[in-house]
Structure formats: structure tokens, C-alpha cells
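Engineer: Now for the letters of each chain:
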Amino acid sequence: MSDVRYLLEHEAQAKLASYGIEIPRQGLATSATAAAERAEAIGCPVVLKVVSPDVPHKTEAGGVRLGVRSPEAAAEAYAEILASVRAHQPTARIEGVLVAEQVEVEQELFCGVVRDPQFGPVVAFGLGGIFVEVLQDVAFGVTPLELVDALEMIRSIRGHAVIAGARGRRPVDQDKLAGVLLAAARLAVEHEDLEELDINPLAATSDGRLVALDCLIRLRSS
Amino acid sequence: MFYPRSVAVVGASARETHFNYGIVKGLRESGFAGPVYPINPRLDELLGWPVFASVTDIPGPLDLALVGVPAKAVLDVARQCGEKGAQAMVIFTGGFAELGDEGAELQRRLLEITRGYGMRFMGPNCFGLASVGSRLTYRAGVPLVPGRGGLICQSGSMAWSQALLAAERGVYFDKTASIGNAGDLDATDFLAYMGQDERIDFITLYLEGVTDGRRFFAVLKETCRRKPVILWKAGRSETGARAAASHTAALSGEAHVFRAAARQAGAFWCESLTEQVDLTVGVANIGVPAGNRIGVVSGPGAAGVAMADACEEHGLKLTTLDQETEERLKAFLPPFATPRNPVDLTGAIFDDMTLYTRSGAEVARDPNVDVLLLLGPSEIEPELFARQVAAEAAGWAKPVAVPWIASDRAFAAGAAILRDHRIACFNEPARAAWTIAKLLEYGRFRQARGLAPWGGVSRV
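Residue numbers (numbering that gives the first Met the number 0), protein chains in the order written: chain A, 0 to 221; chain B, 0 to 459.
None of these hints come from the bench; they were simulated from the model.
Small disclaimer: the values here were computed from a predicted structure and weren't measured.
For every residue, glycine included, the Cβ atom is placed at its ideal position computed from N, Cα and C.
Honestly, I wouldn't trust all of these hints.
Simulated restraints, written as ranges between beta carbons of each label pair [claimed, not checked]:
#, chain 1, residue 1, chain 2, residue 2, range
1, B, Ser160, A, Pro55, 33 to 43 Å
2, B, Ala411, A, Gln135, 52 to 62 Å
3, A, Ser17, B, Gly290, 56 to 66 Å
Chain A regions said to be covered by chain B (calculated; three or more residues, Cβ under 8 Å) [as the list claims (entries may be wrong)]:
#, stretch
4, 109-122
5, 145-151
Put together the whole structure using the sequences plus the hints.
Structural biologist: What follows is the structure, encoded as C-alpha cells:
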């Protein structure tokens, strides 16, 4: 795997944002004071995550705090994260801590792109969690992907009723969702070194937004 | 390639069991109009044609060489054909890329030679081509009946079987290409060619893999906008190890992605020979119905029940007939028959088989019906039923299909008559419903993309 590299999470998110995919409101903090200021500006509750090229599994290293309810708590969480990550991986380079809005998730979705050896960039879409992991309920679309193709992908999964508003759930805006799929496709097509993109989860929020909560971008380094 | 003015068979054999004898015999029987030059240094005459020692000995000009000599001799033959000015070759022989590195090198050198002469070739390791327009065939016994289909098969024996299976159900191919190793021309090339060919209204395509997926997708997409492509992609091997760092990568096996690409392009996706032949028959002899409202006329009760289940399963709607239609049916049906959809003629067909066509005519003209399904009479006089339906159905302005529940013998007897009138038969109601559902999907695909409804298959 020496010929690939991963973008850091905030780099990956910035890349998504530049293609019009919404990401949580966020900012990088390099001090406890800055963490408190970010939390204040974003609005609590917030989540804090360590930013380090050497810590791929942030939760295991104690590098994540969820549901931080005040700027003061954010400052404390900042210090705890640094201490915990340093104890876990003393040599890890730490670029700071990302302070981000805590998104109210109504439905977890996922959207990804993989570079197929025959067809080039292939967009994948499904519901998050067990729908994808256990039921393998995923739709694929090859590029170039058109709006009508993206809409058909969304309608073709078995779990479509869930996003259409089954059992009193808030329906997901499918045109907006198709827009995310198209943006992911465009991003992959315009970055020939992109091997893989995974937005998981892509959160449909209770206030009707679609937010990329977690994102992995794997590049082929030349 | 499909319209040569002259043909050489290099490696022609007089041994009746030999593959190359079958080619010469096929050309003899099909009535190919131009000169045929069998090539074999040890023969003087074959099936009434003089045999030549080599390609260079052919007296006149040569367009197409059908080559069945051992792999190692193919390069020399290619040079001779090039010198002779041939435009194309079909190379039947195996022993090339399918056998590993050494064979792949031979195939590469072959391509180098043919490119040097500006020749194209089909194969190696294939059965070759058939073309009704020029009475050209790869075997004796392959139907050369005028039809509006194009057939592309990676496997030669599959092409032969598909041609016969389709013919058994009244569907014929204007052109057939069995591509084998696709050392030069590949499936995408023939798809592009047949996509543009005005003699071809639909394409049946059997693949085991493609060389350039992106070009294949682009050509498939373009072709499906013009005409239906019925695709069966067999072989689910992974085309390369993939790092499964995410769900996306882990789930995107070749079969999934290929199917997604085919659907996105608008192709009919099949997963078996039965499905592919059923859809070929459906495309050719049902066409794309205007909607999913089904009118059913049934004799045997079991067939009616199975048909209703299958319609439900595949999203087809057993329509409610217009009151006027029901009144007209009631006027001539016996009192114990059902004049509502599904119209159940019951055992009354023993006495009067014309109840089928009389009811069919009424149901077909009902404004609430998009497709009429006449359920065959099972074992009861299938020929009589088929002859009556064949005589009347052309006058009904709706797509008609005939699903049966019957023994192979009874089905074959009825279907043999109906196929010549381009009426699609299915010996299983579920297969008919599945086929119609797929045809409707193609209609919706076109509609969603703002394409005009498909015009259907022209008469030949």
C-alpha cells in the first residue's frame, strides 16, 4: 500500500465542500482557547476530533469527543484529546483538533466512488449501517453520470422506501441527494489520481440537509 | 466483412466431420453468390468447387478469407491474404491468447501483419460470421432467414445455439458475429457497427468480458438509444485484485458494476440463456407496450391463476375491462364462463375453440388494455388454437403474447405455427410476465431520457 495515501479528514472535507457537498460547520483549533472560540462560533453541541496523519483510528486513540456542550467543555476536551493521543501514540504528529458542529442525524446514507479497472470511476450509493454492511443494498453508477441516472440509482435500492419517508420519517430530498452523487462523480472524474472516495455516513439531518459527516479519500501517489 | 464479393476457405477439408468442411458445405448450401475458393494443397475439388493450393493461386480478387489452418501457419496465410488484397479475415483456429503468453505473442504479431496491410480480422478462436444479405454462413444448418436482429457472441457455439433457439421461436438475425479472442475487432466494434446498421432493429449480445470498459459503455449507451440491446454477460471472475479499504470497494465486484453499467446504458440485462432468448423474442415479437395494463383470455384455469400471480409479481396490472367489453363478451360466452378480466373460457373451449379469438378481439380493442395475453389451451388441440389465433391476431391493434402451461409437445406444436406469424409464445406464464416487465422498463428508460418511443421491429 506504499503507492497510495489518504487525505487528512479536513482536507478531504474541504475537497467535498469545493464540489458543493455540504460538510459540518467546523474549524481547526491548535490551542484550548481556540477550541473554545470555535465551539462558540459554531454553536454547541460540538464534536472534537484529533487531526493527525499518523492516527487513522481516532476513536481507539481517544482522539474523539462527541456531544461537547459548551465552549469551556470544548477547551477541556481539547486538552484531554491531546493527552490521550500522546499517551496512545507518543510519536504521532498532531496538527490540531477539529471542532465541528454535532449534526442531528435523521437517516444515515453513504455515497462512495471507486475506480473500477474496466469502467473507471464508479459511484456507489446506499443507506448506511446494516443496509450496506449486511444487506449489501447498494446501487452503482458508472461515469459519466447524468441526473436521470443518479435518480434511478437512488430509486433502485431495496431500502428506497426508507428515504422516501416510510413510517413517518422525514423524506430525504432525492434531487438534492442526486446532486451529491453527481458531485462525487465529478470529483472523481476530475481527479485522475483518486482511487477511492467514501462518504460514510452521509447524514440526512432532521432539518433537511445532507451533510458529509465522515469522508475518506484515497489517492494514488505518482 | 459482412458483404464480401468473394470468399476463400483456407484449410478447407474434405473430411465430413471436420470443422472446415462444415464451412465449405455451409457456403455451398446457403447459395453465396460470389466465387468461393477452397484452399488446400492436397485437394483438387471440393463440393463442386476447384481447390487452390494457396491464397496466392486464387485467379480473381479476394475480399474475405475464412482461415482454419493451425495457429503457427496463420501468420503466413495473413501475409498472403494481405498481398492478395483481401480486406478481412475470419480466423477460426485456436492456439492464441487463450493459451497464455506464447499464444498472446502470436496473436500480437498477427495483428501487426494485418494492420500493415490495412486488413481487419474476426477471432481468432471463433466460429466467424453469418450474413443473410450475402448468403454467408459459418456452418451448414445455421438459419439464413431474413430477420431484423443482430447477434454478437463471444462464444461461437453459443452463437449457433442462440440462432437456433431464436429461430425455433420465429426470430432471425440478419448478421451474426462470433468474436472469440477479439484479437482485432472486438464486441464493441460489432456493437457500434450493428448499432448503425439500418437492417438491424435489435441486438442480442453475449459476452464474457470486454477489453475497454469505458469505450464499451459509451458505445452501448449510444446504441441503446437507437435500438434495444439484449445483453447476457456471463463469467463473474474478478478482473483484478482490489484493495477493499472501504465498503464501496468491497461491494463493487465486477458483476455488480457490469450490471450497473449495462442498466445505466439502457441495455436489457439477462442472467441466463433462457432469459436472453425470451427477451430476444419479446423485443422482436411483442415490442414495447404502451403501458402495463394486461388483458387475459384463458382456457385452462390453472394457467389463468399462474398468470395472475406472475403479473402481480412483475408489476403488471390485470386491468378492469370496460363495461361495454364485458357486455359484448357476455353476449357470446357460455353462462359458466367469466366475462371479466381474466376472461376464463373454461372447458367450453373443448366444444368451441373460436371462443379464444372472439374474446381476444374484444379484449384487444378495450381502451383499458395495453397487452393481450392469450393463455394457450394446454393439451387441447394446440394446432387448432394456434391456427385460429395466427389468422386473427394481425388484425388486433395491441401487442399479443401467448403464454402456456403445457407439455413440451403441445407447446411446440402450437408455437411452431404462431412463430411464423410473429406471435411470441412462452411455455410458462412467469416468463411472459418477466419479459413484458422488462420491455416496459426499456420504454420507461427512453421516456425518462426524453427519447422517442422505440419504433419496434420492421417487417421483413
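Engineer: With reference to the structure, classify each hint as holding or not holding.
Structural biologist: Hint-by-hint comparison with the structure:
no.: 1; hint: Ser160(B) / Pro55(A): 33 to 43 Å; verdict: violated (53 Å)
no.: 2; hint: Ala411(B) / Gln135(A): 52 to 62 Å; verdict: violated (41 Å)
no.: 3; hint: Ser17(A) / Gly290(B): 56 to 66 Å; verdict: violated (45 Å)
no.: 4; hint: 109-122; verdict: holds (count 10)
no.: 5; hint: 145-151; verdict: holds (count 3)
Hint check: violations occur at hints 1, 2 and 3; the rest are consistent with the structure.
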